[in-house]
Amino acid sequence: MSCSEGSGSCGCGGDKSKPDSAETPVDRYIKSGSAPVKPAPAQAHAIQRFGNWFKNQVIADMRITRVRVLSQTFFFLLFLFFVIVTDLRYLKGYPVSLFLEINPLVGFATAITTTTVYKGLILCTLLLIPTFVLGRFFCNWICPYGTLHQLTGWLFGRRDDQARIESNRFQKLQQLKYVFLIMMIVAACFGSLQIGLLDPICLFHRSMSTAVLPALNEIFPDTVYVKQYYHVGAWAIGLMLLFFVGMNVIIPRFFCRVVCPLGAFLGVASRFSLWRIERDPNKCIDCDACLKNCQGASDPHTQLRKSECFACMECIEDCPVDALSFKFMPNRDHEITAPPITGRRVAMASLFGAAGYAVTRSSGASDKNFSKKVIRPPGSMKEDQFLERCIKCDQCIRVCPTNVLQPTLMEAGLEGIWTPILNMKISYCELNCTLCGQVCPTGAIQRISIEEKTGIGEHTEQGPVKIGTAFYDRGRCLPWAMETPCVVCEEVCPTSPKAIFSREVTITKRDGNPITLRRPYVDPSRCIGCGICEHECPVKDHAAIRVTAIGETRSTERGLLMDGGDPTNIRDLVKKQR
Amino acid sequence: MSKPEIELDPKEMSRRDFVQQALLTGFVSLGSLGAAAALWRREHVVPGFEDKAGIQLPSFRPDVAKFLPDLSVAHSLNRSTAIRAAVDQLGGMERFIKHGDVVMIKPNIAFDRPPALCATTHPDALRTTAQLCFEAGAKEVFVADNPINSPASCFLKSGLEAVADELNLKLLYPEQRAFATIEMDGEILRHWPFFNRPFQQANKVIGLSPCKDHNLCHASMTMKNWYGLLGGRRNQFHQHIHSIISDFALMIEPTLVILDGMDVLVSNGPTGGRLSDVKPVNTVVAGTDMVAVDSYGFTNLLGRDVEKLEYLHKAHARGLGNMNWKDLKLKEVEA
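Taken in sequence, the protein lines are chains A and B.
Numbering that gives the first Met the number 0 puts the first residue of the first sequence at 0, with every later residue one more than the last.
Numbering that gives the first Met the number 0 puts the first residue of the second sequence at 0, with every later residue one more than the last.
I should point out that these hints are in silico values taken from the structure, not numbers from a laboratory.
Since we're looking at a predicted model, the values are computed, not measured.
Wrong hints could be hidden among the right ones.
Stated by the list, open to error - Keeping only pairs whose Cα atoms sit at most 20 Å apart, straight-line, the calculated DMTMM-like set for lysine to aspartate or glutamate is:
hint : chain 1 : residue 1 : chain 2 : residue 2
1    : A       : Lys-282   : A       : Asp-321
2    : B       : Lys-97    : B       : Glu-42
3    : B       : Lys-313   : B       : Glu-186
4    : B       : Lys-51    : B       : Glu-182
5    : A       : Lys-371   : A       : Asp-540
6    : B       : Lys-169   : B       : Glu-139
7    : B       : Lys-325   : B       : Asp-69
8    : B       : Lys-169   : A       : Asp-221
9    : B       : Lys-138   : B       : Asp-100
10   : A       : Lys-91    : B       : Glu-165
11   : B       : Lys-169   : B       : Asp-123
12   : A       : Lys-381   : A       : Glu-451
13   : B       : Lys-307   : A       : Glu-503
14   : A       : Lys-91    : B       : Asp-164
15   : A       : Lys-326   : A       : Asp-366
16   : A       : Lys-91    : B       : Glu-160
17   : A       : Lys-372   : A       : Glu-556
18   : A       : Lys-371   : A       : Glu-503
19   : A       : Lys-372   : A       : Asp-160
20   : A       : Lys-226   : B       : Glu-174
21   : A       : Lys-226   : B       : Glu-160
Could you put the whole structure together from the sequences, leaning on the hints where they help?
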């Protein structure tokens, strides 16, 4: 179609290729002096056709919205690529948490809670500063979650032009995202980081790691994982994704317009921007065609709501009279600069944020009433600092090679929802592995080395990082309670010397015959809480040895042994036994 | 475009509609009846006690050789030299691998450990063995194991993945669909999930195991190595560990087993964890009878009393091998 529109300038005429095709292979042989290579005709034809198509449809007709779609496609695929390679088999040092690191809300909120900007989070300025100048372009040019919603909304949404125009008018409901943002920022001021609940990048990463990929592997076994991964409460995260996708049918880009706290943050940041969509009222014929594809519902047909505009440029394309442009230094009277939320609502949201923090923290789930199940990944900060940093992106859960990391539901309190804990029933923590800390963008799990984790080399003095301690339930243990040999726990214990040791005893069985078996014990000074004993225990449903959070080295309040035991004595003891 | 005259709304269904609808109802009714009848089962089962069946492995043993030894021992400071010497004494890899064979090498990569800690098969051992197979004309070499720790970690950190990449060996992950139930008449093992995928193509099997101390069964050598071919609830094995390990000799009759005793894990087995758990012994044992190889290994590599190793006695008593290695044709060499 564009070929006729292009009126010759597109250069798709077959004439240009004629001189080449007139040349016979023999001519070419004479010219080049090399043997005639017979090109596969069909293939050459296809390449030529693709070349023509590319020239005509893509290059010659390159509109700004097409450039945008290319950009969205690129970043969406890049995001998926990072999600896929966040796996020990493919992880080759790719910056898999890049989208989280360039996320200004993550950078800003963690800067509030910790007064520091952790490692790669400095990259968030790469996005923040252009937003100051160009507005909220991230939402429609980069954000993979926004692309998902635009795509699904386009696929399943309305087809009728008039209905689309009506659905793309600004709605007061859109102020809700500012309420969420303010509540989260105020909670962050008190040290509770909640942005990850709704931040689109965290949400998308979390949904992919805990719901989408395991679900895919359920349907197509042996594709994503070597062994099926399970995630506790993944249904909640999966349903949340489906809900936001489904809502696009009712309100296009519902998540982006109404819920997204990152969008709200960028909306606030874009108030200084020097470029924006500008309507020329002298040209405008008030047809509202600009609303047909408007992504942000920012009212380009009247005074533009600057904080809502995604700079998708669709309105410029759709305007039949060229009344719209992306303009440098436009008239400020033609815009609504401030976000659509009143001061009273801001005050209310702040109050809610503070109150929300206070009631959840005073429930004591991260303090006095901490759960024995909150076994944090090795290298985690102590619990209150962990809650200052964890954005619930669940990258650690994605990269964990054993599937031991699980999103919490209520174990760590309402504040800690979807933060990572270890579930030894599902798996165990690999001794020579610190991948969770490598991918953590905020340092909730610090980027510790294997040497620091296992306490070897120059870290021998401080000893290994402990995440909990194992305890026997002798009423369930086969050698202790059931006259049956076992000690799988001792076999798999990865420390050296083993934290689990056994003593040989000869007992008289019920039938009067003697049996010699080994009964296991835990040496708490050696145990690091990795949980492989619990995972491998044959008493599957409720293991006879279980790890609880006590004894973790990250906090003194949750420690167990006063001095951590004296390893040198034990080493000698073990040598003597052998 | 002439419109038909407007008729008054008839009160009843037309005959045509009735016939159509009746036929449709008939088809659907018959269809559902037929489907229900086809799917009908009148018997019940007792869950967990259903009849079980499974695959069986063929024997991979080489033909009996009249003059060649069944057991060979090589001492050397170099792992590769030692393995080559040990295999050479048995008559060379050509005795075991013929041109065009597909070989499955079963290393022990049960744990996520670097090679130096000696809890896993050493990458040099795999390299040499695979090279020997290719030199003898093997078409393809599979490497497969179902580790206790996470497979990706174990394959990567044991260094075997790098060797597989280097020599173009086929590394098989213990994926869900790689398993099938195996059937045997073992002392304990009857039906069990088995890592069957490599055996669908391989016609030769080589066990390549390190020599390790073991907390429960005293030693993990070439017999215990086959543990890694099983899936399912392996943590129940420890209740009858010696019977189970002797059952492995029934389960599989390998072409060749190689016991790599260059560095022996002498304490804190089977996981090890410190260099002080490892002792250099600089010996490689190879043979066609894994009971004999393990018996030799337990005595001479780990330096322990073979009387205590119950699974060898069980396997010997059941005629699955000969633990009296001194009775066998044995060749020993300093390479």
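Evaluated hints:
1. The suggested pairing of Lys-282 of chain A with Asp-321 of chain A holds, with an alpha-carbon distance near 7 Å, which does not exceed 20 Å.
2. About 51 Å separates the Cα atoms of Lys-97 of chain B and Glu-42 of chain B, which puts this hinted pair outside 20 Å; it is violated.
3. In summary, the hint linking Lys-313 of chain B to Glu-186 of chain B is supported, as the alpha carbons are separated by about 10 Å, within the 20 Å threshold.
4. At roughly 9 Å between alpha-carbon atoms, Lys-51 of chain B and Glu-182 of chain B fall within 20 Å of each other, so this suggested pair holds.
5. Distance check on the hinted pair: Lys-371 of chain A and Asp-540 of chain A sit about 18 Å apart at the alpha-carbon level, within 20 Å; holds.
6. Using a Cα cut-off of 20 Å, the hinted pair Lys-169 of chain B and Glu-139 of chain B holds, with the two alpha carbons roughly 8 Å apart.
7. Restraint check for Lys-325 of chain B and Asp-69 of chain B: the C-alpha separation of about 11 Å stays at or below 20 Å, so the hint holds.
8. About 17 Å separates the Cα atoms of Lys-169 of chain B and Asp-221 of chain A, which keeps this hinted pair within 20 Å; it holds.
9. Restraint check for Lys-138 of chain B and Asp-100 of chain B: the C-alpha separation of about 6 Å stays at or below 20 Å, so the hint holds.
10. Restraint check: the Cα-Cα separation between Lys-91 of chain A and Glu-165 of chain B comes to about 18 Å, which is no more than 20 Å; the hinted pair holds.
11. Proximity of Lys-169 of chain B to Asp-123 of chain B is assessed by CA-CA distance (about 17 Å); at most 20 Å being required, the pair is judged to hold.
12. Among the hinted pairs, Lys-381 of chain A with Glu-451 of chain A is consistent with the structure: their alpha-carbon atoms are about 16 Å apart, no more than 20 Å.
13. Restraint check for Lys-307 of chain B and Glu-503 of chain A: satisfied, since their Cα atoms lie roughly 15 Å apart, inside the 20 Å limit.
14. Simply put, Lys-91 of chain A and Asp-164 of chain B have alpha-carbon atoms about 15 Å apart, close enough for the 20 Å limit, and the pair holds.
15. A C-alpha spacing of about 53 Å is found between Lys-326 of chain A and Asp-366 of chain A, which places the hinted pair above 20 Å, so the restraint is violated.
16. A distance of roughly 14 Å separates the Cα atoms of Lys-91 of chain A and Glu-160 of chain B; the hinted pair therefore holds under the 20 Å criterion.
17. Restraint check for Lys-372 of chain A and Glu-556 of chain A: satisfied, since their Cα atoms lie roughly 16 Å apart, inside the 20 Å limit.
18. Between Lys-371 of chain A and Glu-503 of chain A, the direct Cα distance comes to roughly 31 Å. Violation of the 20 Å bound is thereby established for this hinted pair.
19. Taking the CA atoms of Lys-372 of chain A and Asp-160 of chain A, the gap is near 54 Å; set against the 20 Å cutoff, the hint is violated.
20. Taken as a hint, the Lys-226 of chain A and Glu-174 of chain B pair is honoured in the structure, with Cα atoms around 6 Å apart against an allowance of 20 Å.
21. Pair hint Lys-226 of chain A plus Glu-160 of chain B holds up; C-alpha atoms about 18 Å apart against a cutoff of 20 Å.
Against the hints set out earlier in the document, violations occur for numbers 2, 15, 18, 19.
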